[in-house]
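*Asks:* Below, each chain spelled out in residue letters.
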Amino acid sequence: MSVLVLDAGNSIIKAKIARREDGELAFPHAIRPLTESEYQKISSKTTSTGNTKDYLKVNSKPYVIGESAERHGLLVQRSGTARYNRDYYGVLAAAAMKRLYGRGREISVFGSHPPGDVKCRDDRMQSVIGDWQIETIQGKANFQVTYANTFDEPVGGLMNVLLTEDGRHYQHMGVGEGRALVIDIGGFTTYFLAVNPGGVVDYSLARSVPLGIQSVIDDFEESFRANNLEAVIDTSNLPPARVRRAIATGIFEGGGKEYNCAADVEEAIILFLNCFADSYQRLAGGDLSWDTIILAGGGSALLYPSVKPILKHQNVILADGIDALHLANVRGGLKLWRLYEMLEVL
Amino acid sequence: MSKVYSFRLSDDNPREAQAREVIEAWVEEGFSLRYVITEGLLRLLKSEVNQIDIEQVIDQIKSIAWEWRDNPKVDEKAQKERFVLSDTFVRGVKKSVQSGTRTM
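So the protein sequences, as listed, match chains Z and S. The opening residue of the first sequence carries number 1 in my numbering; numbering runs sequentially from there. The opening residue of the second sequence carries number 1 in my numbering; numbering runs sequentially from there.
Just so you know, nobody snuck in bad clues.
Derived PhoX-like pairs: lysine-lysine, alpha-carbon spacing no greater than 25 Å straight-line:
(1) 119/Z - 94/S
(2) 140/Z - 41/Z
(3) 119/Z - 95/S
It should be emphasised that the hints constitute simulated quantities derived from the structure, not laboratory data. Note that this is a predicted model, so its numbers are computed, not measured.
If we strip away everything but chain Z, and leave its shape as in the complex, we get (with noise of 0.2 Å):
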């Protein structure tokens, strides 16, 4: 049976499937439910092109997600344990299928968590498991979700460092002959999980700090908005995926001009930093514990040239390449479903 491994992250959405040329996907974690009358203005009007897929009608309900729902205003991005419900996750996770598959089709789902979250698994799976009636402007499809499970989060990026893609051998014998320290930078967390030779998780030191990329970004606004006073005045929220742009690039792109704020960046991510050397000293003890330092998930894409003096460690390796580190999690999570199956302990 085909699986989806999905990891609802607080600032993106990854999903993978086992297919090799379009199994994967992310979108901006934004949701917005719409009204029946505001589906159909916008289902009439538009062609099967651009943004399109970001609509869609789940179980009869519309609601529009990913980018164009950070594009409808004012958003409320349910973090932590409030999203794990059928209208939140669920809907998340039905999103991700239709994109993927297309046509419909009885699946599993497995899904990554927080490891702090591990009290909200049966929530979670309750969230996807059961039938999905999905309706796009590309066509319907109709979906079973016959089983789910989970996994922490920063073991998705330890295992797509470690195993082979078929989930049987070690890809990365360096990690696995000594001890590692896996660091996952998420939207809201940072996750630190250390392993011991062999690749085997050791849970007594698996801690999270509430730092992540969207402290980044706050603080980016805040400093964008005190130096661009007269440009921010009738703007009560930045567009989200232009202030990614800005955090990436240095330049900031709206009301046809460019805004130079590479100092509004560089200060943002200095408060990140001094609170992350903190934790790192704090909670994982620093270089000398560790063989190899695996960074992980999203926020260690945008963060790497700045993080990586800060961990002065001569074995810094990424869950994947720079461009695809956010997809880490979900890549690990295949290798591990797959693990699992041939130990048939699914």
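Got chain Z sorted already, so can you dock chain S onto it with the hints?
*Replies:* Here is chain S on its own, set in the frame of chain Z:
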């Protein structure tokens, strides 16, 4: 860039069935299917065979696989052992598996 090649080896064809056994035996020993196929094809190239069809490829892979089995090199054996998941790791994974939810 990468490209996917796929084909079936049928139990109804004795040669293909035998090839499957060989592949499965070597995958079990720690070699990836990709490694076995790649190695076979490269050796086929070296032997300057111009007319390649799938049966020839399988024959070549079989002969290589049996050669490996009869004359294992020390470094290959070490390589295999190095990449086989350790018992400690497998025990740890099994211990950490949590129960899933199924529809009734």
